[in-house]
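Undergrad: If you want the building blocks of each chain, they are given just below.
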Amino acid sequence: MKDDEYLLKVDNLLKWFPIRGGLLGRTVGHVRAVDGVSIAIKKGETLGIVGESGCGKTTLSRTVMRLLDPSSGSIVFDGTDISKLKGRDLKPFRRRMQMVFQDPYASLDPRQNVRSTLMEPMGIHHIQHSGEDRNRAVEKLVEIVGLNPDHLARFPHEFSGGQRQRIAIARALAVNPEFIALDEPTSALDVSVQAQILSLLQKLQLELDLTYMFVSHNLAVVRQICHRTAVMYLGRVVEVAPTETLFENPKHPYTKALLASVPLPDPSKRTDLVALEGDVPSPVNIPPGCRFRARCAYSTEKCALTSPGLFEFGPGHGAECFYDIDFKSGSKKEVPAT
Amino acid sequence: MVAMSQGLDQDVLVVKDLRVVFHTYAGEVKALDGVDLTVRRKEVLGLVGESGSGKSVTALTIEGLLPQNGEVVSGQIILAGNDLLKESSADLRISRVTDMAMVFQDPTTYLNPVLTVGSQITEIIESEAKLFTKQVIADRLIELDRLEGEGRITPVLEKERAKLKSLSSGAKISKREFKRLSRLYAINILRQVRLPEPERIFKDYPFELSGGMKQRAMIAMALVRRPKLFLADEITTALDVTVQAQILKLLTELREQIDTSVILITHDLAIVAEVCDRVAVMYAGNIVEVADVNELFRNPLHPYTKGLLASIPRPDLKEQEMKSIRGSVPNLIFPPSGCRFHPRCDFAFERCPLEKPKLLEVSKGHFVACFLYEGGQA
Numbered sequence: 001m002k003d004d005e006y007l008l009k010v011d012n013l014l015k016w017f018p019i020r021g022g023l024l025g026r027t028v029g030h031v032r033a034v035d036g037v038s039i040a041i042k043k044g045e046t047l048g049i050v051g052e053s054g055c056g057k058t059t060l061s062r063t064v065m066r067l068l069d070p071s072s073g074s075i076v077f078d079g080t081d082i083s084k085l086k087g088r089d090l091k092p093f094r095r096r097m098q099m100v101f102q103d104p105y106a107s108l109d110p111r112q113n114v115r116s117t118l119m120e121p122m123g124i125h126h127i128q129h130s131g132e133d134r135n136r137a138v139e140k141l142v143e144i145v146g147l148n149p150d151h152l153a154r155f156p157h158e159f160s161g162g163q164r165q166r167i168a169i170a171r172a173l174a175v176n177p178e179f180i181a182l183d184e185p186t187s188a189l190d191v192s193v194q195a196q197i198l199s200l201l202q203k204l205q206l207e208l209d210l211t212y213m214f215v216s217h218n219l220a221v222v223r224q225i226c227h228r229t230a231v232m233y234l235g236r237v238v239e240v241a242p243t244e245t246l247f248e249n250p251k252h253p254y255t256k257a258l259l260a261s262v263p264l265p266d267p268s269k270r271t272d273l274v275a276l277e278g279d280v281p282s283p284v285n286i287p288p289g290c291r292f293r294a295r296c297a298y299s300t301e302k303c304a305l306t307s308p309g310l311f312e313f314g315p316g317h318g319a320e321c322f323y324d325i326d327f328k329s330g331s332k333k334e335v336p337a338t
Numbered sequence: 001m002v003a004m005s006q007g008l009d010q011d012v013l014v015v016k017d018l019r020v021v022f023h024t025y026a027g028e029v030k031a032l033d034g035v036d037l038t039v040r041r042k043e044v045l046g047l048v049g050e051s052g053s054g055k056s057v058t059a060l061t062i063e064g065l066l067p068q069n070g071e072v073v074s075g076q077i078i079l080a081g082n083d084l085l086k087e088s089s090a091d092l093r094i095s096r097v098t099d100m101a102m103v104f105q106d107p108t109t110y111l112n113p114v115l116t117v118g119s120q121i122t123e124i125i126e127s128e129a130k131l132f133t134k135q136v137i138a139d140r141l142i143e144l145d146r147l148e149g150e151g152r153i154t155p156v157l158e159k160e161r162a163k164l165k166s167l168s169s170g171a172k173i174s175k176r177e178f179k180r181l182s183r184l185y186a187i188n189i190l191r192q193v194r195l196p197e198p199e200r201i202f203k204d205y206p207f208e209l210s211g212g213m214k215q216r217a218m219i220a221m222a223l224v225r226r227p228k229l230f231l232a233d234e235i236t237t238a239l240d241v242t243v244q245a246q247i248l249k250l251l252t253e254l255r256e257q258i259d260t261s262v263i264l265i266t267h268d269l270a271i272v273a274e275v276c277d278r279v280a281v282m283y284a285g286n287i288v289e290v291a292d293v294n295e296l297f298r299n300p301l302h303p304y305t306k307g308l309l310a311s312i313p314r315p316d317l318k319e320q321e322m323k324s325i326r327g328s329v330p331n332l333i334f335p336p337s338g339c340r341f342h343p344r345c346d347f348a349f350e351r352c353p354l355e356k357p358k359l360l361e362v363s364k365g366h367f368v369a370c371f372l373y374e375g376g377q378a
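Listed in order, the protein sequences are those of chains A and B. Using our numbering, you'd call the opening residue of the first sequence number 1 and step up by one each time. Using our numbering, you'd call the opening residue of the second sequence number 1 and step up by one each time.
Okay, chain A solo, but in the shape it has when bound (with noise of 0.2 Å):
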């Protein structure tokens, strides 16, 4: 695959948070949020992005919307390497990125309009002048987000929250991105309105050819709407595969474990879903080897000297594992080194 055909390629970056203590305030530690992520979004794409609280995911679209500065690594966005970018040359990249939030009652101003909520970005970026053309964008917006025209002198808290988060949708494509992260933007939501913001984002997907990165922690969402997912751990990506693939056949004992620990809504297919023990290690120490180790039940001697690299199971899915593992009969053999 040729290196143009994505638009967002990720290459090992790091994101460390420093600890200070002491009198002096000296660094004495960092918590290694992101530690190592490579990943790549096609045009036109949803890159889900899975993982437990505290794995790193929300820190990752953070940093790769240029919110936090990277430790070291490059975002390279349409050939441009923008991780190092600052002011004026990185304005343009903000137009072309954007990102919803979770919370839509945090993330909107509150003493703001829909209107000039959604004019401000246009103003920022100097988009449609006259502010005739302004009023006829802003119309058009609220209506493709599925809200209408009388709507737009009302204020946040006249709203729902998933007309809220429409509004944050709206706010996004206001300046005409090519990229939006969406960090959990139906965590806050009820299931029914849940299902409406997803297949509004479908829907908007088609219709403006837009590339998604899409942040959640509920695996069955993911599922309905990422053409591919990234299963984080601890700072790093241990399983990408296209979404299908990731369902039906994971190779990482981490991702098979998170699998297994999603209620199903049919109590016919009642099973016993405790896969892990334990909670996820602090991101401060941690121990050399593979980072699931502790929690593994197929962990060796080897797990513990060294990290497994990413290896590639099939086309497009790759899983940092030592060893290819059949998870039904328990027998696993030693994958080739990477």
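Just so you know, the hints here were simulated from the structure itself, not pulled from any lab data. Computed from a prediction, not measured in an experiment: that's the story for all the values here. Glycine included, C-beta positions come from ideal geometry on N, C-alpha and C. Some hints here could point you the wrong way.
One-sided excerpt, in silico: chain B residues whose CB lies under 10 Å from chain A [unchecked claim]:
id : residue
1  : 272
2  : 292
3  : 307
4  : 372
Chain A is fixed; fit chain B onto it per the hints.
TA: Showing chain B alone in chain A's frame:
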């Protein structure tokens, strides 16, 4: 009203025609509009609905924890034979301490950050010393018997056993002895909720525990009373799926071990499918459908239940077409007339805005409040 009970001794809790309003500056919020609910012995009843449906208000009313602006307009809440809405506050306190316990969504806000986990558990025991004396002694005696079975009994422990036996036959227990026994009792409960190293956790402060461990500690505090009824309000919502799975498993195990019924309040139908025996679906302050869990998922009747089931994303199916219910949850200061679901319902007809449908049994154990099924199952 419809009789929903099958022999009174089987029912731990019966709620009848419960109406609750909240007085706010904007007006009177009609939060519960005639809720009927029965919880049988040793069952897990799922109470599901979206935010604003009244599931948490139902729980708070049963617990007697309604905020000051909440008022019970009418209804009965009968727990183990006593009507909680009629009793005097002193009797009520005892019946709540011994008969029911609750665990809430966010363990971080409900644990006291400046007290150790252990002292928060022993506080419950020591505040009701009379109630718990027998229980802590019995618990320790069982423990000693277990040690004997393992051949680990020493002369010191043998002496302790003799002393405890005299205590259980009525001798006065010293304060110090009671404190020691309540500590052991608390550690045993921490062990029962599968916390690793319970002796260490007893001395830990809440901030030293992870989210899942805190929720286990909350469950431990609830179990101190060996409650007949356990109210679990969104207990896994703040947890990750792998931890959620552990907590749900613990809950079902405990139900088997100690004879208790559970009301599991959740917005997640997948959790209901996984652990509940029966399900009650709430919408805008009403119970719209009650059925056995298999029946509800196989044969949902109420249009709202149907819509809710069709809108859940399935982790086990690909390319599923997700449907949604149009509109949103109504404002309960001015609730829709008649059936409160009619403005969002695809099957609404002339009668729906005029009259409120009753919760009727359409097939064995399957209740639904909808005019479509008044003449039996359509």
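Undergrad: Now tell me if each hint is right for this structure.
TA: Each hint tested on the structure:
no. : hint : result
1   : 272  : holds, 8 Å
2   : 292  : holds, 9 Å
3   : 307  : holds, 6 Å
4   : 372  : violated, 20 Å
Comparing the model with each earlier hint shows a violation of hint 4 alone; every other hint is respected.
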